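As a plain string of letters, each chain reads:
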Amino acid sequence: MNSNAMHKILLTTVMLLLVGLAYPQQDTGVIRYLVTHDWVKKMESVDYLSKEEKEKINYTWGNDAEWKEYGTLFISGKKTKFEDSEEKAEAEYEGFSWRKEEYYIYRDFGSNRIHDIIKLLGKVYIIEDTLVPQGWKILNDMKEVCGHICMNASWTDTIKNKKVIAWYALDIPLSGGPDRYCGLPGLILEVNVNNGALIMTADRIEYKDPGEAMNFPAKIKGKHIKEADYIAKIKKYIADKKAEEEPWCWGIRY
Amino acid sequence: MDNERIDSLSMYYSNQIMFNRLGAGVRFAKNGLNLLAGVSGQKLDIDGKYSLDKGLPLLADPVNQDYMNLAPTLNLTCEFKNGMWLVSNYTYSISEPSFSDLQPVPIVYSITSRTEGNPDLKPERTHATSANLYYQNQSSFASFNISGEYNYTNNAISYNKFVSWVDSVGYVTTTKPSNSSTGQDGRFFIWSNFPLIKTKLTMSVSGNYRFDISTANVNGIDNRTGASGYYANTQFTITPGQKLSMDINGYYSFRNVKYSINKEQNQKILSCGAGLNVKWQFANKFFLEGNFDYSFDRNDLYDFIREQPILNASVRRLLGKKNQFQIRLAAFDIFNKNVYISQSGSQNYFYRQISPTLSRYFMLSLSYNIKGYENRVKKDRFW
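So the protein sequences, as listed, match chains A and B.
Residues in the first sequence are numbered consecutively from 1, following the working numbering.
Residues in the second sequence are numbered consecutively from 1001, following the working numbering.
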C-alpha cells in the first residue's frame, strides 16, 4: 500500500470519527433520490457508433435528452431496500401511470446477503446470494449532498462500460446506497454514471421507521437465480445488442 | 391583360370564423391503466360576405352559420405486465364546412368546368374509433403490432357533379358540394418483426386491409362507391457481419373499386413486386451497393399491364487517411424502365396517372465529409 492510499484512509477515518461525534447515528430512514437520465450521454457508452455519429446525436438532441424520476431507499437497522417511486418527478407526467416494474433491491449488511427481485427482459428473477459490493476506489474530493458532507469514490463497470462516481455521507455509517450500489464507509447519497448519463442524488432524507415498506412485496413470482446467472444474462443481452447495433440501455437498466 | 382585373372572374370576400370550446375531463390512472373521459361543448360561428369589389353591394346573401355541438372523447392506455401496450381512442368530431364550399358565388375554371358553393352545408360529424396493440419481447428481439381504426361520418360532404351538354361548348361540368347521407372508412394493420437467427437473419411481415364507402351524386342520381383493398409485405434482412448487408422483400397489393350507378367502371387494381438490396464492402474502403426492384401493375378495365424492373447500382471508394473523401460512380435505372403509376377511386371519380419520370442516368460524384466516412457497412438501425 503506497503512502498516498494510506493518507486517504487515515483522512477518511479521522473524518468519520469527527462527524460520528458530531451527529447522532441513524438506523432508520427513508431517502428519496432524484434520478436523472440523459439518453444522449448514455449513447456515449455504445461502441458501434463512431465519434461523429455520437456528436451528431448530441448536436441534435443534447438539449432535450433528460428525463427524471424518483427512487426510494428504505433503511432499517443494517437492512436496506431500494425501489422505484411512483411519485412523479416531472409535472408533465402527472396524471399518467406506468406499470411499476418489479425492481426491489434488498441488502442485509448484517448477514452480508442480497435478496433482489428484478424484472429483466420481460421475466422476473429473484436473486439470493452473498453480498459482493462494487470494488470502489476511494478518492478524496468532498462536497455536500442533501445537507451531508460527502466524500467520493469511483468504480468502473466493465460489463456495461460505465464509470461510476459515488458520493457517500461521512456522518451516516451505513454501507447502503441507491439501486445496487453499496459497500462504502458511509451511505451513498449521490451516484454519477458516465459523467451525467445517469445521476441519482438524494434530495430528501427523513429519519423515520419505514415500517411495512421494508417488507418483501407479496404475490411476486419469479425464477430463483444467483448473482452470477444475472450477470451472465446481462452480458449476453449486451453482446447481442452490440451485434445488432442497437443500444442495450433501452432494454435493461443503465 | 397583365395585372388587369377581370371582373367576371373576380370576387371580393371577407370570411370570419369564431371557434369557442369549453370542456372537462376525468382521468383515472393506476399501475399502468390510464382512462380518460371528457366532453366539450363547441360553438362555431361562420360569417362570409361576397361582393364584386370592396364596398360594392353583396353578390349574394351573406353566409351566416352557427353550429353548436357536444363532443365526447374517450381514451384508454393500458400497459400490461408482459410488455404489451394497448391504446384505444374514441372521438366525436365536428368539422365545419370550408369557406370555399360555402361561398354562394360560383368559381369558373373554364367554360366547361365550374364550381358552386353551397351555403346550406352542415358540418360533418364523425365518430372515430381506433385501437392499437403493441408487444415487444426485449429478450428475443421480436415485436408485434396490430391496429385498426373505423370512422363513421354523418353529413359527409361530397362533391356532386352535374354534367350537361351545351351546344358549341360540349359537356359542361358543374361541381357542387352537399351533405350526403353517410360515409364510412376503416383500416386494419398488422406487422411483426422477429429474428430467425438472432443478429443475423430477421424476418418482417406486414399487411393491411382498408375500405372506404362514400356517396356522391351525378346528375341527380346517388352513386355509392365502395373501395376496398389489402396489402401484404414480407422482408428478410440478412446481416452476416460488418462487410455485408442484404434485404429481400416481396409485396402484393389488391384494390377493388365498385360504383353503384356505372358498374362498367368497376375496376380491380393489382400491384405486386419483389426487391433485393445489397451493401457489400468487398475490399478495404471499397463498397458495392445496389438494389433491384421488380414491380407488376395491372388494371383489367383499361387492359393495362406494366412490368418494371428497376436496377440501381453504385461503387464507391473512400479516400484519404481519415476517409474524408468519397468518390462514387452510380447508375440509376439501368434498364431504363422507370414510369410513375398511381391509381385510385372514390366518390364519383377514378384517378389514374401514368407518367414518364426520371429514368436511366449515371452520376460520378466526389464528396467531402469534414469528419470522415465510416469504413464499414452499417446496419440501418435506430442508432
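Check each hint, because a few of them may be wrong.
Lysine-lysine pairs mimicking DSS-like chemistry, simulated, CA-CA at most 25 Å apart [as the list claims (entries may be wrong)]:
#1 A:K221 to B:K1258
#2 A:K233 to B:K1321
#3 B:K1198 to A:K123
#4 A:K56 to B:K1285
#5 B:K1030 to A:K51
#6 A:K160 to B:K1379
#7 A:K88 to B:K1030
#8 A:K54 to B:K1378
#9 A:K56 to B:K1030
#10 A:K79 to A:K54
#11 B:K1321 to A:K54
#12 A:K56 to A:K119
#13 A:K242 to B:K1030
#14 A:K242 to B:K1378
Keep in mind that the hints were calculated from the coordinates and are not lab data.
A quick note: this is a predicted structure, and the numbers were derived from the prediction, not measured.
Hint-by-hint comparison with the structure:
Restraint check for K221 of chain A and K1258 of chain B: not satisfied, since their Cα atoms lie roughly 56 Å apart, outside the 25 Å limit. A distance of roughly 40 Å separates the Cα atoms of K233 of chain A and K1321 of chain B; the hinted pair therefore is violated under the 25 Å criterion. Straight-line distance between C-alpha atoms of K1198 of chain B and K123 of chain A comes to about 19 Å, which keeps the hinted pair within the 25 Å bound. Between the alpha carbons of K56 of chain A and K1285 of chain B the distance comes to roughly 23 Å, so the proposed pair stays at or under 25 Å and holds.
Between K1030 of chain B and K51 of chain A the alpha-carbon distance is near 42 Å, which puts this suggested pair outside the 25 Å criterion. Taken as a hint, the K160 of chain A and K1379 of chain B pair is honoured in the structure, with Cα atoms around 22 Å apart against an allowance of 25 Å. This hinted pair checks out: K88 of chain A and K1030 of chain B have alpha carbons roughly 13 Å apart, not beyond 25 Å. With a C-alpha separation of about 15 Å, the suggested pair K54 of chain A and K1378 of chain B falls inside the 25 Å cut-off, and the hint holds.
About 38 Å separates the Cα atoms of K56 of chain A and K1030 of chain B, which puts this hinted pair outside 25 Å; it is violated. Between K79 of chain A and K54 of chain A the alpha-carbon distance is near 41 Å, which puts this suggested pair outside the 25 Å criterion. Between the alpha carbons of K1321 of chain B and K54 of chain A the distance comes to roughly 21 Å, so the proposed pair stays at or under 25 Å and holds. Under the criterion of a C-alpha separation no larger than 25 Å, the hint pairing K56 of chain A with K119 of chain A is inconsistent with the structure, at around 33 Å.
With a C-alpha separation of about 35 Å, the suggested pairing of K242 of chain A with K1030 of chain B is violated against the 25 Å cut-off. Annotation: proposed proximity of K242 of chain A to K1378 of chain B holds, straight-line Cα distance about 12 Å (limit 25 Å).
Comparing the model with each numbered hint stated earlier shows that hints 1, 2, 5, 9, 10, 12 and 13 do not hold.
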